[in-house]
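Student: As numbered in the numbering used here, the sequence shown has no gaps in its residue numbers, which increase by one up to the final residue, 367.
Possibly wrong hints are sitting among the right ones.
Derived lysine-lysine pairs resembling DSSO-like cross-links, with alpha carbons at most 27 Å apart [as the list claims (entries may be wrong)]:
| no. | residue 1 | residue 2 |
| --- | --- | --- |
| 1 | LYS364 | LYS164 |
| 2 | LYS56 | LYS104 |
| 3 | LYS56 | LYS364 |
| 4 | LYS239 | LYS192 |
| 5 | LYS347 | LYS364 |
| 6 | LYS136 | LYS164 |
| 7 | LYS164 | LYS53 |
| 8 | LYS18 | LYS239 |
| 9 | LYS136 | LYS347 |
Cβ-Cβ distance ranges computed for the label pairs, FRET-style [to be verified]:
| no. | residue 1 | residue 2 | range |
| --- | --- | --- | --- |
| 10 | SER36 | ASN289 | 16 to 26 Å |
| 11 | GLU246 | GLN303 | 17 to 27 Å |
| 12 | SER159 | LYS56 | 30 to 40 Å |
Hints are computed from structural coordinates only; laboratory data are not their basis. C-beta atoms are modelled at their ideal positions from N, C-alpha and C, and glycine is treated no differently.
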Amino acid sequence: MNVVIPTEHSRMQEIREKVHYGQRLTLEDGVFLYESDDLLAIGQMANEVNLRKNGKKVYFIENMSLYFTNVCESHCAFCSFRRDQGEEGAYTLTGEEMLAYIEKHYHPGVREFHIVGGHNPHVPFDYYVESLRVLKQRYPDVTLKAYTAAEIEFFSRLSGLSYKEVLEELVKAGLGTLTGGGAEILSDEYRKKMRVEKADVNQYLEVHRTAHQLGIRTHTTMLYGAIETHRDRIEHLIKLRELQDEMNGFMVFIPLSMQPSSPKASIRRRNSAFEDLKTIAISRLMLDNFQHIKAYFINIGTQLTQVSLAMGASDVHGTIVKERISHSAGALTPEGITREDLIWLVKGAGRIPVERDTFYNEIKVYD
């Protein structure tokens, strides 16, 4: 009796057929793809899936990143943004101070404020509610994409309210959607080793589940490139896929490439371009129930973002204006980008730029 031993080529062909016929990939399929060096085959499959879902359209938004405070009770090993109360560089802005900052950078095309920050226990929960309320009163037409699931869990402890009650208070103040941060790697072992001193895996997922139950659509992420294994990454994607099966509340998945602690760090301390592109492509292949995969130029740079559009990405984020968290951790990329440059970047990849709002409603197609 002849025993057929699968070769890498035959294994890849099996996965290619699954992708072509819209069959769901398994944990073992995902790990195999990560361990393969056939980036072109992986990218071609991801491109096929993306074209099936989104055609040649690539989305972006005019947005601003805002950070009310960098004071944080957590000491996560990978974070260079946080400060202790009273430490040099620590700050906590009032609503009026934030409005003064916005006035310097705002223009009428801005459709979204992206708001995250430290878990500052030295101010009450009402501070975080009022931070949104003052923005919504001044800029009623701008969507507030605010706070991570980890921040919601922190607000719950700070206030004594349930996740549902916290979210309801924030929605009354103007919250439109949650950001995706705080996921890091959804593995309790990883979180222990990396001193992720905030929401655990179940808490992160439960906050998003609660938001989805309230009709709040959200974003989600994965911070890769530290100590996690390829299996950890695929298990992370499957956890998100399962919640999406249950709730269908995620709009987009954002892979975040880990940044070194210093801008002067050598290339050996950074994820390779190969790894960044592979992660975007595999995310597209594993997350069959997500509409969009975002290429975050802040982490991977504008040129790699452009290449990623042929490897599964359908969103290039937004103009941002002045990003701080990744840059405090050593990102070498621009802190922001103009609408014109985003359009040029997308067209240069042979795709159709589409300006969107936070919820992927199309504002203008640049064909």
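Student: Each of the hints needs a verdict: does it hold here or not?
Tutor: Here is how each hint holds up against the structure:
1. Using a Cα cut-off of 27 Å, the hinted pair LYS364 and LYS164 is violated, with the two alpha carbons roughly 35 Å apart.
2. Taking the CA atoms of LYS56 and LYS104, the gap is about 35 Å. The hint is violated against a cut of 27 Å.
3. The suggested pairing of LYS56 with LYS364 holds, with an alpha-carbon distance near 15 Å, which does not exceed 27 Å.
4. A threshold of 27 Å between alpha carbons decides the hint, and for LYS239 with LYS192 the separation of about 18 Å falls inside it, so the pair holds.
5. The hinted pair formed by LYS347 and LYS364 meets the criterion: a straight-line CA distance of about 14 Å does not exceed 27 Å.
6. Distance hint between LYS136 and LYS164 is fulfilled; the C-alpha atoms sit about 21 Å from each other, no more than 27 Å.
7. This hinted pair does not check out: LYS164 and LYS53 have alpha carbons roughly 32 Å apart, beyond 27 Å.
8. For the hint linking LYS18 to LYS239, the alpha-carbon distance of about 20 Å falls within 27 Å, and the restraint holds.
9. Between LYS136 and LYS347 the CA atoms are separated by roughly 34 Å; this puts the pair beyond 27 Å, and the hint is violated.
10. Judged by the Cβ atoms, the range 16 to 26 Å given for SER36 and ASN289 holds: they are separated by roughly 23 Å.
11. For GLU246 and GLN303, the Cβ-Cβ distance of about 37 Å falls outside the hinted range of 17 to 27 Å, so the restraint is violated.
12. In this structure the supplied range 30 to 40 Å is violated for SER159 paired with LYS56, their Cβ-Cβ distance being about 46 Å.
Violated hints, in rising order: 1, 2, 7, 9, 11 and 12; the structure is consistent with all others.
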